[in-house]
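Student: If you want the building blocks of each chain, they are given just below.
Number of protein chains: 2
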Amino acid sequence: MTDTDDHKAKMQKLQEKHRARVAGASDPGRGLVLVHTGEGKGKSSSAFGVVIRALGWKKTVGVVQFIKGSWITGERQFFQRHGGVDWHTMGEGFTWDTQDRDRDIAAANAAFDKARAMMESGDYDLIVLDEINIALRYDYLSADQVLDGLKARSDRTGVILTGRDAPDAICAYADLVTEMTEVKHPFKAGIKAQRGVDF
Amino acid sequence: MTDTDDHKAKMQKLQEKHRARVAGASDPGRGLVLVHTGEGKGKSSSAFGVVIRALGWKKTVGVVQFIKGSWITGERQFFQRHGGVDWHTMGEGFTWDTQDRDRDIAAANAAFDKARAMMESGDYDLIVLDEINIALRYDYLSADQVLDGLKARSDRTGVILTGRDAPDAICAYADLVTEMTEVKHPFKAGIKAQRGVDF
Numbered sequence: 001m002t003d004t005d006d007h008k009a010k011m012q013k014l015q016e017k018h019r020a021r022v023a024g025a026s027d028p029g030r031g032l033v034l035v036h037t038g039e040g041k042g043k044s045s046s047a048f049g050v051v052i053r054a055l056g057w058k059k060t061v062g063v064v065q066f067i068k069g070s071w072i073t074g075e076r077q078f079f080q081r082h083g084g085v086d087w088h089t090m091g092e093g094f095t096w097d098t099q100d101r102d103r104d105i106a107a108a109n110a111a112f113d114k115a116r117a118m119m120e121s122g123d124y125d126l127i128v129l130d131e132i133n134i135a136l137r138y139d140y141l142s143a144d145q146v147l148d149g150l151k152a153r154s155d156r157t158g159v160i161l162t163g164r165d166a167p168d169a170i171c172a173y174a175d176l177v178t179e180m181t182e183v184k185h186p187f188k189a190g191i192k193a194q195r196g197v198d199f
Numbered sequence: 001m002t003d004t005d006d007h008k009a010k011m012q013k014l015q016e017k018h019r020a021r022v023a024g025a026s027d028p029g030r031g032l033v034l035v036h037t038g039e040g041k042g043k044s045s046s047a048f049g050v051v052i053r054a055l056g057w058k059k060t061v062g063v064v065q066f067i068k069g070s071w072i073t074g075e076r077q078f079f080q081r082h083g084g085v086d087w088h089t090m091g092e093g094f095t096w097d098t099q100d101r102d103r104d105i106a107a108a109n110a111a112f113d114k115a116r117a118m119m120e121s122g123d124y125d126l127i128v129l130d131e132i133n134i135a136l137r138y139d140y141l142s143a144d145q146v147l148d149g150l151k152a153r154s155d156r157t158g159v160i161l162t163g164r165d166a167p168d169a170i171c172a173y174a175d176l177v178t179e180m181t182e183v184k185h186p187f188k189a190g191i192k193a194q195r196g197v198d199f
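Residue numbers (full-length UniProt numbering), protein chains in the order written: chain A, 1 to 199; chain B, 1 to 199.
Treat each hint with caution, since some may be false.
The list treats identical chains as interchangeable, and a pair is accepted whether it falls inside one copy or across any two copies.
[As the list claims (entries may be wrong)] Below, simulated EDC-like cross-link-like pairs (lysine to aspartate or glutamate); rule was C-alpha separation at most 16 Å, straight line:
#1 K68 with D198
#2 K114 with D148
#3 K184 with D168
#4 K17 with D148
These are computed hints drawn from the structure, not numbers from a lab.
Work out the full structure: start from the sequences and follow the hints.
Tutor: This is the structure in structure tokens:
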């Protein structure tokens with residue numbers, strides 16, 4: 001057998017395997033709950049990548065940002081100019097900058113009330129709850145409160161929750177949990193966070 | 001000390017720590033090389049999230065896709081409609097579908113020639129080499145060839161390489177390597193890949 005034949009035979013086997021796996025999979029008929037967590041980068045950015053995919057298929061998308069406040073980000077500027085996303089930045093900024101727990105709690109709860117109404121409305125195919133896990137980590141929101149909201153969502157609505165330290169109860173309920181791990185981090189190596197990459 | 005004072009004191013400490021870290025970081029004055037690898041999801045989607053950030057800051061962006069061929073994806077549809085990204089889908093499809101090693105090698109090399117010219121041109125702030133690690137994994141491209149191209153890039157150009165099994169030599173050269181790990185995967189649990197989420 002030549003190398004070329006060998007390659008072809010291997011690829012045919014791989015194709016069969018892939019087809020069998022696809023054939024065995026079913027459409028759940030409802031929007032999935034995805035969690036992006038871990039210490040590494042890419043948690044929010046991959047959620048915005050999924051937003052792009054959803055918009056590419058002409059789906060309706062909403063975003064609620066739980067932490068980022070007045071900080072200007074590339075994603076916010078892009079979607080403000082582009083339109084097509086129902087965008088709500090409702091945080092008051094990093095918790096170490098506000099230094100006011102009551103204000104942080106009030107902001108997180110206002111953001112979640114908005115998110116819950118959006119999830120129940122049936123108006124969205126995809127909703128991103130950006131950095132909500134940070135609000136959970138500081139007990140600005142309870143895991144039960146968020147689970148209740150997720151369970152009350154419309155069947156058509158998929159939800160992505162981002163931020164490190166996602167609570168176990170949320171991960172247990174989610175359909176997919178992806179952990180981003182830092183193998184090499186430029187910030188730790190003394191390189192400044194860059195516009196258009198990190199925010 | 002009340003709970004509120006305690007929170008404020010903790011957050012002040014955190015703020016000092018954060019400021020010291022930012023003050024100690026420097027701008028490298030060149031575009032970074034980022035690798036998104038691992039078995040989990042989010043490798044390509046977080047690259048497209050970074051594309052959005054870069055566009056939000058009015059930076060110039062190019063994308064070369066090494067594997068995806070005629071397969072219609074949400075990201076491609078989005079950027080075709082939106083414009084603003086120099087987009088090249090140069091793969092011939094999944095290697096188990098083409099089943100022709102010579103054709104795959106030719107396609108990968110044509111894609112890399114294009115990518116190299118773009119990296120050297122000085123016309124881009126960010127270039128995404130989508131799924132290039134797959135082409136490396138199957139030896140359609142060599143790690144040396146890709147390293148040469150990365151080293152020849154313009155100082156202004158940051159590059160993101162996506163795909164599982166990134167070679168060690170590329171990771172050693174990169175400024176940042178993020179590994180996406182599957183904690184829970186709906187496809188394995190028997191849920192079909194979904195439009196607007198998975199592609």
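Student: Which numbered conditions among the earlier hints are violated in the structure presented, ordered from lowest to highest?
Tutor: Hint 4 is the one this structure does not satisfy, whereas the remaining hints hold.
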